[in-house]
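So the sequences go chain by chain: E and B. Everything in the first sequence is counted per this note's numbering, starting at 1 for the first residue and increasing by one. Everything in the second sequence is counted per this note's numbering, starting at 607 for the first residue and increasing by one.
Certain hints may be false.
Unchecked claim - Which residues of chain B face chain E? A partial, calculated answer using Cβ under 7 Å:
(1) L686
(2) S690
(3) Q718
(4) G719
(5) P726
Stated by the list, open to error - Which stretches of chain E does chain B cover? Using the computed rule of at least three CB atoms under 8 Å from a CB of chain B, they are:
(6) 17–26
(7) 306–320
Unchecked claim - Cross-link-like lysine to aspartate or glutamate pairs, in silico, EDC-like; alpha carbons within 20 Å at most:
(8) K532/E - D574/E
(9) K650/B - E30/E
(10) K670/B - D300/E
(11) K190/E - D653/B
(12) K32/E - D653/B
(13) K626/B - D678/B
(14) K32/E - E707/B
(15) K32/E - D700/B
(16) K123/E - E84/E
(17) K650/B - D33/E
(18) K650/B - D267/E
(19) K650/B - E34/E
(20) K670/B - D639/B
(21) K650/B - D613/B
(22) K271/E - D630/B
(23) K271/E - D653/B
(24) K32/E - D678/B
(25) K223/E - D527/E
(26) K577/E - D545/E
(27) K626/B - D645/B
(28) K506/E - E586/E
(29) K188/E - D653/B
Calculated from the structure, these hints are not laboratory results. Since we're looking at a predicted model, the values are computed, not measured. C-beta: ideal position from N, C-alpha, C; glycine also.
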Amino acid sequence: MYHYTDFDRQFVQQRAAQYRDQLQRHLAGELKDEDFRPLRLQNGWYVQRYAPMLRVAVPYGELASRQLRVLAKIARDYDQPSAEVLGTALSKQAELGTQSLAVGYGHFTTRQNVQFNWIALDKSADVMELLASVDMHGIQTSGNCIRNITGDALAGIAPDEHIDPRPYCEIMRQWSTLHPEFAFLPRKFKIAVSGAAEDRAATAWHDVGLHLIHNDQGEVGFKVLVGGGMGRTPIIGRTIREFVPWNQILNFLEAVVRVYNRFGRRDNLYKARIKILVKAEGQRYFDEVEAEYQAILAHDGGQHAIPQAELDRVTACFKAPSITLDDTSAAAESILATLSTKDQAEYQRWLQQNVKGHKYPALRAVTLSFKRLGLAPGDASADQLDAAADLADRFSAGEARVSHEQNLLLPWVRASDLPALWQAARALGLARPNIGLLTDIIACPGGDFCALANARSIPIAEAITERFQDLDELFDLGEIDLHISGCINSCGHHHSGHIGVLGVDKDGREWYQVSLGGSDGSALSGDAIPGKVIGPSFAASEVADVVEALLDTYRTARTPGENFISCVRRLGLDPFKAAGNAARHETRDAGQVLNVHLNSADALTD
Amino acid sequence: MKLIAADADQARATGPNVLKIANDANPAEVNLDGIERIDLHFPKFTDGRAYSQAFLLRRRLGFKGELRATGDVLVDQLQLMQRSGFDAAVLRADQSLAAAERALALFADFYQGDAAHPQPHFTGSQA
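Whenever a hint applies, use it, and build me the whole structure from the sequences.
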């Protein structure tokens, strides 16, 4: 992991002090709501439906156990609404049919951050100081600036990796942090980086997607994609440069963002993302960026060229930890010998789904599943966060990773420790062998927490999870990406799901559009592409039935070994549309088949 | 950085050597000969175009005169302005001078290079 220098540490502490000053001025009435808003956003503080939400940055997903323990402390001590706040929230939720709301939880997001839902604003400066005590912060996790840089949860350990992206991610994190010119861009700006054959960072869905590659001469550099994004207009990023030398990437990014800052639309927030500029201007935008990049190099002196010594310094932080590979296979054997036949089978499934191969043959990467019944996707209680920290210490050199799929990954597990880890994780309820399967659902917090959401996501995820509890059935269905968003902002990445569910509202009721055939750009799913809506919206009560009908269609039509997404591509949408429509009961019987138009009541990120 | 109260700015007449550049104009297309002061405008404090304009005027075009931030200028943006090349700012009427001075002194140093200190921290040569 990256080791903070004295400078890094002082910087985060100064930022916490700055935030305390701003908060105090706000609470004293010196800083009006609308003036404080962008300041709190750039420290990760939203104001949500019932309480403030904090988004903590986890740069490129890496977490140390000591950081996990502080996140646990925040969940336990601060993610606790007053009786009054909770009472108000519950009475409002009761109108939607929800009886309880989770408190004391951290939530892993698709962009590798951790969110809390119930921290009182007057405690927010205390929480920032607590985070700073373990080199953490919420800097630029929101606001119209360059957001937390995300990467591959398997960075540095994946067998298919060409180049470890983490040192570059860290250098880019530093460059983007409090960049004076880019704190008030037209809209938010998200960068994702991958250095492997398999794109596990959904790079094409980002404002900037970076692929670390070798060119024909064997030199390291970046292929740069620009202008991807979800929201109401899903667009796949386009290649702006096949190769930028690694040491020039900051200068190139500076050109990309400067041209966007100057020419991006500010008259209409719905059209302010860089994807709209790239779509409208196309080659003209590319030419402007190239001219700006050349001017930075030729005229400004290219001052952000990365010195080799700096890359070496940062790279040294990401050296693999020293792990003793003494032979513990006898212990592993003895654990396995005690397992029942049923447990043996479950263990084998866990090996198959939750355990990945490693760059070092004696090691494994193990995903702890935060997808199970009774738990919103990506939610971790204070005790689970502490327990995960213990697992990281015991089995993974004190390190964990937040994955794009909202799980926690242990990157440094000895193969011989797998049975012991499985037992420990299972006792914590974190060993459900469903990684990559239907119930490994990506979902945003939705209307239960988010002020922007048009509909709830959590009850939909819960209904589907409940329906598909049978592991034999899940394994038979195979790998399926199911993504749920509570509004068009697409935090649940519904566009990229093989099956996507989007919450919409009409006349104050929750409805759901279902789409099919989306891809995040992984090898399984093919090139990134948005899914297509399969018909008018469904009622909440119908969504699980529709999902089941889609899967039944697949089960009937599949050829041997054919996975869901391939089957959808081969058959086209029609048979699935027909099946989805046939599954209607509420909307059909009530004559309420709804075409909800999205340009009326949708929301913008706070 | 020169901090100017809103009413003080109103009183001062603009001379022939003062240029106002619109928020959406391209600084590279402006004739800077004989110009002693350039006012850049923030129509809203959340509109960040003037930061890039300031950077270009200072770094790319080598403007040596006063670069003044006008419009919706808030205390908490001053440091960004200073680092982007502004050396004067007309504060919005309701802004506190004490808070402004505090805000300008909060950080010892930054990671990236800027218009005032072009070398990034990692070169070890930033002042």
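If any of the earlier hints don't hold here, list their numbers in rising order.
-> none
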